[in-house]
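On the provided structure of chain A, position chain B as indicated by the hints.
Chains A and B, in that order, give the protein sequences.
The letter at position 258 of the first sequence is residue 257 when you use numbering that gives the first Met the number 0, and the numbering goes up by one with no holes.
The letter at position 9 of the second sequence is residue 8 when you use numbering that gives the first Met the number 0, and the numbering goes up by one with no holes.
Don't read these hints as lab results, they were simulated from the structure.
Misleading hints may appear alongside valid ones.
[Stated by the list, open to error] Label-pair restraints from in silico Cβ distances:
id, chain 1, residue 1, chain 2, residue 2, range
1, B, Arg-190, A, Glu-26, 54 to 64 Å
2, B, Arg-210, A, Ala-64, 18 to 28 Å
3, A, Leu-216, B, Gly-92, 51 to 61 Å
4, A, Gly-38, B, Gly-149, 50 to 60 Å
5, B, Glu-60, A, Leu-216, 19 to 29 Å
6, B, Thr-206, A, His-201, 29 to 39 Å
7, A, Ala-184, B, Gly-149, 44 to 54 Å
8, B, Gln-261, A, Asp-242, 16 to 26 Å
9, B, Gly-149, A, Ala-317, 50 to 60 Å
10, B, Gln-261, A, Asp-86, 55 to 65 Å
11, B, Arg-210, A, Glu-214, 22 to 32 Å
12, A, Leu-286, B, Gly-149, 17 to 27 Å
13, A, Arg-19, B, Arg-210, 29 to 39 Å
14, A, Asp-290, B, Glu-214, 41 to 51 Å
Built from N, CA and C at the ideal position, the CB exists for glycine as well.
2 protein chains.
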Amino acid sequence: MSAETVDSREWVLRARPSGRPLDSDVELIARPLPTPEPGMVRVHNLVMSVEPYMRGRMGGESNYAEPYPIGEPLRAPTVGRVTGSDDPALPAGALVLHDFGWREHTLVPVGECRVLDEHGMDPAVHLSVLGIPGMTAWIGIDRIARVVPGDVVFVSSAAGAVGSTAVQLAKIRGARVIASAGSPAKVDLVRDLGADVVFDHHDGSITHQLRGALEDLGASGLDVYFDNVGGDHLEAAIRVINDHARIALCGMISIYNEATPQPGPSNLIKLIWRRARMEGFLLRDHLDARDEFEEQMSGWIRSGLVRPVHTEFGGGVAGAWDAFAGMLDGSATGKAIVPLAADGAGSSQVLGGTYSPDKEVQR
Amino acid sequence: MSAETVDSREWVLRARPSGRPLDSDVELIARPLPTPEPGMVRVHNLVMSVEPYMRGRMGGESNYAEPYPIGEPLRAPTVGRVTGSDDPALPAGALVLHDFGWREHTLVPVGECRVLDEHGMDPAVHLSVLGIPGMTAWIGIDRIARVVPGDVVFVSSAAGAVGSTAVQLAKIRGARVIASAGSPAKVDLVRDLGADVVFDHHDGSITHQLRGALEDLGASGLDVYFDNVGGDHLEAAIRVINDHARIALCGMISIYNEATPQPGPSNLIKLIWRRARMEGFLLRDHLDARDEFEEQMSGWIRSGLVRPVHTEFGGGVAGAWDAFAGMLDGSATGKAIVPLAADGAGSSQVLGGTYSPDKEVQR
Chain A
0 MSAETVDSRE
10 WVLRARPSGR
20 PLDSDVELIA
30 RPLPTPEPGM
40 VRVHNLVMSV
50 EPYMRGRMGG
60 ESNYAEPYPI
70 GEPLRAPTVG
80 RVTGSDDPAL
90 PAGALVLHDF
100 GWREHTLVPV
110 GECRVLDEHG
120 MDPAVHLSVL
130 GIPGMTAWIG
140 IDRIARVVPG
150 DVVFVSSAAG
160 AVGSTAVQLA
170 KIRGARVIAS
180 AGSPAKVDLV
190 RDLGADVVFD
200 HHDGSITHQL
210 RGALEDLGAS
220 GLDVYFDNVG
230 GDHLEAAIRV
240 INDHARIALC
250 GMISIYNEAT
260 PQPGPSNLIK
270 LIWRRARMEG
280 FLLRDHLDAR
290 DEFEEQMSGW
300 IRSGLVRPVH
310 TEFGGGVAGA
320 WDAFAGMLDG
330 SATGKAIVPL
340 AADGAGSSQV
350 LGGTYSPDKE
360 VQR
Chain B
0 MSAETVDSRE
10 WVLRARPSGR
20 PLDSDVELIA
30 RPLPTPEPGM
40 VRVHNLVMSV
50 EPYMRGRMGG
60 ESNYAEPYPI
70 GEPLRAPTVG
80 RVTGSDDPAL
90 PAGALVLHDF
100 GWREHTLVPV
110 GECRVLDEHG
120 MDPAVHLSVL
130 GIPGMTAWIG
140 IDRIARVVPG
150 DVVFVSSAAG
160 AVGSTAVQLA
170 KIRGARVIAS
180 AGSPAKVDLV
190 RDLGADVVFD
200 HHDGSITHQL
210 RGALEDLGAS
220 GLDVYFDNVG
230 GDHLEAAIRV
240 INDHARIALC
250 GMISIYNEAT
260 PQPGPSNLIK
270 LIWRRARMEG
280 FLLRDHLDAR
290 DEFEEQMSGW
300 IRSGLVRPVH
310 TEFGGGVAGA
320 WDAFAGMLDG
330 SATGKAIVPL
340 AADGAGSSQV
350 LGGTYSPDKE
360 VQR
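Chain A extracted, bound-state conformation:
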């Protein structure tokens, strides 16, 4: 193992955000990375992702995951290349997935590093369709909503990392898909992905647009709602569910930035009238299915049935905080990816576009 010291920059949490995160809640610091102890490897990070759940872990709300400690570097799913290792199973040069993002270089315990099969794909795919958001969509569509051929499925935030995958998986399962997204460009993209009817949620009441979409399909109502939004989307979906509908609760981005709780849907009694099931889920309960998922999903990616949708945020590690804020604001289409090193960027598979602090989203 090489004994040289490596200089690295990393983002440290300074204060817990309440409501919208502020620049003063974090700090980018530089520090030399020590030589790895036995049981650790050193990794040069290539790409990391920013995700909505990080907002909750910063805030330290009573939640499904531990809060990030104040004074420590933030965490993020990251793909990197091993640059220092004594472990024969993790040789220098191996592509690995770990959770020590928000920094250029990092030390990672051997047990928290997973060696990736490169598949000749963009490393960022392991953070999107082959990673957490892709498997989350797969669990939601197959295990929670149990989509079957002929179902009418509504996916909200369908240009997002999870939503864009959920739309494509619902089509693979033989459903008719209604989707909502947040800009004309996103609507076009989601239509390209195969959704049958797509609307912009800024173009009028969700209920009105949802009823219009059902009319376009000649459908009586929804069999499945894959919810990434909560709030008015959830209330509108409940309004038009069919008997025995299934609502997979995956995320509620509408409330992540709210400091005070918003009232919920006023029509939950329809869950009784329609004998509907609403179920929340987290990926962590389904890790036993990872091999099955990876086998199916890598096949669909290779055959073109599932296309990754990424937005790359520029600026390297220094741009990561703006990338996170941009993702929360809806600037990202598909998975929000932050290339941390030169060879992590420039993929030909970027469907979503690129974004930098100086420019608008490019598609």
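The following block gives chain B in isolation, referenced to the frame of chain A:
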């Protein structure tokens, strides 16, 4: 078949209530009952029940059941004795269950009449623990919430017809049971039925009392919530659910009388964090299980493991409307029963008490 004409009184719907039902929405009329045509039998009604769902069918809201037609007699589950019949399978004297209540005598199509095994029990038992509310509780506990030994189960409106049965069934299934009810007498009754901790929902915030109950049990949270109330009960229950909790949505009596929709729980995101399932159900989807239910439930009744809880409303058919209003107002403990004929009343199995327009509830 006897050809004489029988005089009968019956309640006819005159207007659709909006909000609380008014006396002017209905009218009690007298009319002679004609001789039954072939395919019909004449029944002398003994006891009928009044139930919350009738409010929805009177109002004609978009709902899970057809509205009652204006100008027609109301419907209600009723036990009666056949007094005129050409059908050998339905001889005069047979005890039958049908849906043509709110009247003293009635003609019933042969196909809508079910002959009952008397079991030596009060006929009203076929309207409570052996009838719709009993089977509803059984479906909710066994099929929807899937209660297993050791579960911590919360039942709201636990002195009601469904709730009082759900409490007893959850105990039979090996759960620890927390229950809420609406008066000190009801709290005592539910404790007598075997609930481990019972509180009066008037005695403070539901959340506060629920947390206290969990503390008394040394339990971390709820595994199951059997919801008969909605509103603040539902929000409070969600606040304290355990991972993988199940919420069986059976009724929302808190909103049946509201003309405008009330906001729903503001904490549905906890269904994601706790990977919880919330599911509405109606008995009609589970009628295939009726034989299994009747076999189990009649055994539990005979062995004393399940006790019927009835409140008998006086006044005969003329008192039925007040009985319905009283039931909606929470005056009934257990199943609200209206004896329509002399031999339908006076059961020794009345645990809930009796109620007449002239008196307070007696227990």
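Each hint tested on the structure:
1. With their beta carbons about 57 Å apart, B:Arg-190 and A:Glu-26 fall inside the hinted range of 54 to 64 Å.
2. Range check, B:Arg-210 to A:Ala-64: Cβ separation about 23 Å, and the 18 to 28 Å hint holds.
3. Checked against the hint of 51 to 61 Å, the C-beta distance between A:Leu-216 and B:Gly-92 comes to roughly 56 Å, which is consistent with it.
4. At roughly 39 Å, the beta carbons of A:Gly-38 and B:Gly-149 sit outside the given window of 50 to 60 Å.
5. Range check, B:Glu-60 to A:Leu-216: Cβ separation about 26 Å, and the 19 to 29 Å hint holds.
6. Our hint of 29 to 39 Å for B:Thr-206 and A:His-201 holds, since their Cβ atoms are close to 36 Å apart.
7. For A:Ala-184 and B:Gly-149, the Cβ-Cβ distance of about 53 Å falls inside the hinted range of 44 to 54 Å, so the restraint holds.
8. For the pair B:Gln-261 and A:Asp-242, the beta carbons lie near 24 Å from each other, so the given range of 16 to 26 Å is met.
9. At roughly 53 Å, the beta-carbon separation of B:Gly-149 and A:Ala-317 lies within the given 50 to 60 Å, and the hint holds.
10. Against the hinted window of 55 to 65 Å, the Cβ-Cβ separation of B:Gln-261 and A:Asp-86 comes to about 59 Å, which satisfies the hint.
11. In this structure, B:Arg-210 and A:Glu-214 break the distance hint of 22 to 32 Å, their C-beta atoms being roughly 47 Å apart.
12. Distance hint check: the CB atoms of A:Leu-286 and B:Gly-149 are about 25 Å apart, consistent with the given range 17 to 27 Å.
13. At roughly 31 Å, the beta-carbon separation of A:Arg-19 and B:Arg-210 lies within the given 29 to 39 Å, and the hint holds.
14. For A:Asp-290 and B:Glu-214, the Cβ-Cβ distance of about 43 Å falls inside the hinted range of 41 to 51 Å, so the restraint holds.
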